[in-house]
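Asker: Chains as they are written, first to last, in our numbering: chain H, 1 to 380; chain G, 381 to 760.
To be clear, the hints were calculated from the coordinates, so they are not data collected in a lab. Being a predicted model, the structure only gives us computed values, none of them experimental. Check the hints yourself; a few may be wrong.
[As the list claims (entries may be wrong)] No more than 20 Å apart at the CA atoms, straight line, and that leaves these computed lysine to any residue pairs for SDA-like:
| no. | chain 1 | residue 1 | chain 2 | residue 2 |
| --- | --- | --- | --- | --- |
| 1 | H | K30 | H | S67 |
| 2 | H | K293 | H | S360 |
| 3 | H | K11 | G | K404 |
| 4 | G | K610 | H | C309 |
| 5 | G | K404 | H | I5 |
[Stated by the list, open to error] Simulated coverage check for chain G against chain H, where a stretch passes if three residues somewhere in it have a Cβ under 8 Å from a Cβ of chain H:
| no. | stretch |
| --- | --- |
| 6 | 393-405 |
| 7 | 501-515 |
| 8 | 717-724 |
We treat Cβ as the ideally placed atom computed from N, Cα and C, and that holds for glycine.
2 protein chains.
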Amino acid sequence: MENFIFQNPTKLIFGKGMIARLAKEIPAGKRVMVTFGGGSVRTNGVYEQVKEALKDFETVEFWGIESNPKVETLREAIRLGKEKKVDFLLAVGGGSVIDGTKLIAAGLLYDGDAWDLVLKGVCRNAVPLAAVSTLPATGSEMNNGAVISRKETAEKFAFHSFNPVFSILDPTVTFTLPKWQVACGIADTFVHVMEQYMTRPGQSRLMDRWAEGIVRSLVEIAPSIMENQKDYDKMADFMLCATMGLNHFIAMGVCEDWATHMIGHELTALHGLTHGATLAIVLPGLWRTLKQKKMAKLVQLGERVWGICDGSDEERADRTIEETEAFFRSLGLPTRLGDAQIGDDTILEIERRFMKRNVSLGEDGDVTAEVARRILENCK
Amino acid sequence: MENFIFQNPTKLIFGKGMIARLAKEIPAGKRVMVTFGGGSVRTNGVYEQVKEALKDFETVEFWGIESNPKVETLREAIRLGKEKKVDFLLAVGGGSVIDGTKLIAAGLLYDGDAWDLVLKGVCRNAVPLAAVSTLPATGSEMNNGAVISRKETAEKFAFHSFNPVFSILDPTVTFTLPKWQVACGIADTFVHVMEQYMTRPGQSRLMDRWAEGIVRSLVEIAPSIMENQKDYDKMADFMLCATMGLNHFIAMGVCEDWATHMIGHELTALHGLTHGATLAIVLPGLWRTLKQKKMAKLVQLGERVWGICDGSDEERADRTIEETEAFFRSLGLPTRLGDAQIGDDTILEIERRFMKRNVSLGEDGDVTAEVARRILENCK
Chain H
1 MENFIFQNPT
11 KLIFGKGMIA
21 RLAKEIPAGK
31 RVMVTFGGGS
41 VRTNGVYEQV
51 KEALKDFETV
61 EFWGIESNPK
71 VETLREAIRL
81 GKEKKVDFLL
91 AVGGGSVIDG
101 TKLIAAGLLY
111 DGDAWDLVLK
121 GVCRNAVPLA
131 AVSTLPATGS
141 EMNNGAVISR
151 KETAEKFAFH
161 SFNPVFSILD
171 PTVTFTLPKW
181 QVACGIADTF
191 VHVMEQYMTR
201 PGQSRLMDRW
211 AEGIVRSLVE
221 IAPSIMENQK
231 DYDKMADFML
241 CATMGLNHFI
251 AMGVCEDWAT
261 HMIGHELTAL
271 HGLTHGATLA
281 IVLPGLWRTL
291 KQKKMAKLVQ
301 LGERVWGICD
311 GSDEERADRT
321 IEETEAFFRS
331 LGLPTRLGDA
341 QIGDDTILEI
351 ERRFMKRNVS
361 LGEDGDVTAE
371 VARRILENCK
Chain G
381 MENFIFQNPT
391 KLIFGKGMIA
401 RLAKEIPAGK
411 RVMVTFGGGS
421 VRTNGVYEQV
431 KEALKDFETV
441 EFWGIESNPK
451 VETLREAIRL
461 GKEKKVDFLL
471 AVGGGSVIDG
481 TKLIAAGLLY
491 DGDAWDLVLK
501 GVCRNAVPLA
511 AVSTLPATGS
521 EMNNGAVISR
531 KETAEKFAFH
541 SFNPVFSILD
551 PTVTFTLPKW
561 QVACGIADTF
571 VHVMEQYMTR
581 PGQSRLMDRW
591 AEGIVRSLVE
601 IAPSIMENQK
611 DYDKMADFML
621 CATMGLNHFI
631 AMGVCEDWAT
641 HMIGHELTAL
651 HGLTHGATLA
661 IVLPGLWRTL
671 KQKKMAKLVQ
681 LGERVWGICD
691 GSDEERADRT
701 IEETEAFFRS
711 LGLPTRLGDA
721 QIGDDTILEI
731 ERRFMKRNVS
741 LGEDGDVTAE
751 VARRILENCK
């Protein structure tokens with residue numbers, strides 16, 4: 001097992017009716033900026049619950065943080081927050097709203113342009129933020145990461161800041177999510193777990209079991225929640241899986257990959273494709289390309305999650321990849337570039353971008369621009 | 381899934397050589413009281429490492445926190461700490477040292493007698509404490525619980541305070557632990573997990589998988605580490621399992637039992653038997669007594685951990701209990717009261733104590749004094 005340091009201070013407040021606790025959790029006297037995405041929180045009752053809970057606070061609302069939040073939008077929020085002297089942020093929405101609000105939190109205490117913070121990649125000072133999470137997917141409600149895009153240059157980069165002080169997760173708010181968002185959330189969670197699992201075997205038997213526990217749970221509940229989103233217990237399972245998939249609980253003492261994400265981000269940056277859908281395309285292609293290297297873990301995943309217990313290692317690895325791709329397809333997601341009308345020009349553009357940035361991705365840093373091109377060829 | 385609130389702020393610093401980080405983690409200028417148990421840290425190199433790391437701090441040492449730490453001892457530490465005006469505590473040892481130091485931390489800011497704090501059960505104010513954990517077992521290094529005994533009255537009660545600010549776990553320090561302590565630590569971890577798992581089925585499929593992941597890992601590594609304690613990766617697995625077994629990571633949204641612990645505490649209080657050994661005796665007896673009620677979970681554990689996949693539910697539950705008892709015996713632990721020379725008079729004394737305190741234990745509060753007596757009869 002590798003040495004590690006783990007800490008996750010976020011207070012997780014989980015369950016039916018928990019949005020009402022907002023009033024207790026935010027320190028009295030704070031000037032709160034509440035950030036939102038589009039209008040879905042107005043139709044699912046979340047907005048009213050938040051409004052009611054915050055009735056004794058001075059609040060400013062900022063609306064319109066889009067999917068794959070854009071620095072152009074976030075700059076406006078920072079300007080407004082500085083003007084109103086807010087000293088607490090509450091993100092109400094999915095991962096994009098929470099991610100975007102992490103940049104706002106840092107930007108409020110920074111004199112320069114917010115994109116500089118993204119390019120630096122880390123920040124040392126930010127206004128405290130909390131979240132009401134409405135979409136199980138990114139894990140942003142319990143980690144310090146964010147992914148921010150820049151419209152102007154079609155770029156998308158990761159940025160690390162602070163965890164939310166607390167996050168409220170009420171599974172009932174997911175009952176009315178669009179089916180596509182649920183499917184993308186399942187794929188996103190699945191791939192988050194794989195980024196921390198599908199590397200070298202034998203690093204931590206407990207982390208392996210916990211990672212497998214999340215994906216087994218997803219595989220068990222996915223058919224049912226794709227049919228009926230109003231099953232509280234299953235949506236609660238899904239919501240908890242999504243949070244636990246990316247809060248470092250399964251990353252103790254193990255190396256991590258993240259090449260699928262880095263390649264997926266480029267597909268979103270260039271084509272606007274939803275994050276989870278990009279991952280469903282890239283992951284099977286990456287596994288086909290790096291099968292020899294990842295063989296032992298592919299065999300282990302096949303046995304423990306897909307029940308593949310016979311055949312040679314090569315055959316078992318192949319079947320693991322096929323089962324995984326079939327799982328994504330069963331959610332109604334694209335799993336090949338062609339499904340999303342993405343052609344060879346994009347492959348070459350991503351290779352060019354990676355060459356320019358001289359990337360070396362993956363757990364061993366050996367996924368170069370050329371390897372990324374081969375992975376994308378294997379996604380056709 | 382039940383509603384829940386989860387938060388665990390402890391910074392976990394895990395791996396070879398990590399004790400040296402102490403100097404970075406304790407705020408400069410703190411007057412540190414370092415607490416120890418017996419002298420084992422003098423022979424395994426831990427004392428020298430701590431001493432070296434703290435060379436720039438003003439420190440006071442307190443030695444002699446015993447197993448099942450006694451309030452009589454802890455009062456002396458509190459007196460010394462107040463006299464020396466310490467404002468940071470560092471527990472160096474196993475669960476008893478860390479538990480005892482949690483009471484010292486609270487006692488330093490309390491004017492009355494420390495036993496009052498134990499009887500209150502919770503504390504609202506304490507000096508910050510951290511730990512260098514040397515014995516995988518109690519999970520005290522990453523939770524807010526402590527169990528404190530009183531020699532005078534042969535009583536032993538749980539008490540809740542604050543989590544350690546950070547805990548350092550270096551698996552190499554476990555290489556020289558007495559075999560009995562390793563065996564008791566495995567049983568303790570196993571039973572901690574069961575207290576959070578062996579209740580009602582279908583509460584959280586992820587928490588079930590995670591709990592099963594810990595006990596499967598323990599079952600896999602136990603024979604090997606009982607033979608050879610110097611296998612770093614396996615001792616690291618064990619150490620991580622012990623911490624994750626009682627830091628609330630597997631308790632989200634599920635009810636908990638804890639009757640085995642409450643009965644076990646009495647066996648320790650009356651006979652001085654090591655905590656883990658009491659649990660190895662009580663757990664199988666409790667399962668035999670409450671088999672009908674816990675049937676669904678016993679069958680699930682049997683299938684997923686012991687590979688018991690055929691027979692009626694009744695047969696599967698019986699085999700699960702037998703396999704678990706056999707596992708404890710394979711560690712060299714007693715699993716019956718007679719193995720520890722405990723007779724009927726103790727059973728009656730525990731029933732009397734529980735009647736006097738009018739206890740109602742277990743996930744449904746239906747383990748009364750009379751049920752506890754029946755459980756103990758089933759441990760003969």
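Asker: Each hint: holds or not?
Answerer: How the hints compare with the structure:
Between K30/H and S67/H the alpha-carbon distance is near 28 Å, which puts this suggested pair outside the 20 Å criterion. A hinted pair counts as satisfied when its Cα atoms are at most 20 Å apart, and K293/H with S360/H qualifies at roughly 16 Å. A distance of roughly 25 Å separates the Cα atoms of K11/H and K404/G; the hinted pair therefore is violated under the 20 Å criterion. For the proposed pair K610/G and C309/H, the alpha carbon gap of about 32 Å is over 20 Å, so the pair is violated.
This hinted pair checks out: K404/G and I5/H have alpha carbons roughly 13 Å apart, not beyond 20 Å. Under the rule that three or more residues need a Cβ within less than 8 Å of chain H, the assignment of the stretch 393-405 of chain G holds, with 6 such residues. With 0 residues bearing a CB less than 8 Å from a CB of chain H, the stretch 501-515 of chain G misses the requirement of three and the coverage assertion fails. Counting residues of the stretch 717-724 of chain G whose beta-carbon sits less than 8 Å from any beta-carbon of chain H gives 0, not enough to reach three: the coverage restraint is violated.
Consistency with the previously given hints fails for numbers 1, 3, 4, 7, 8, ordered from lowest to highest.
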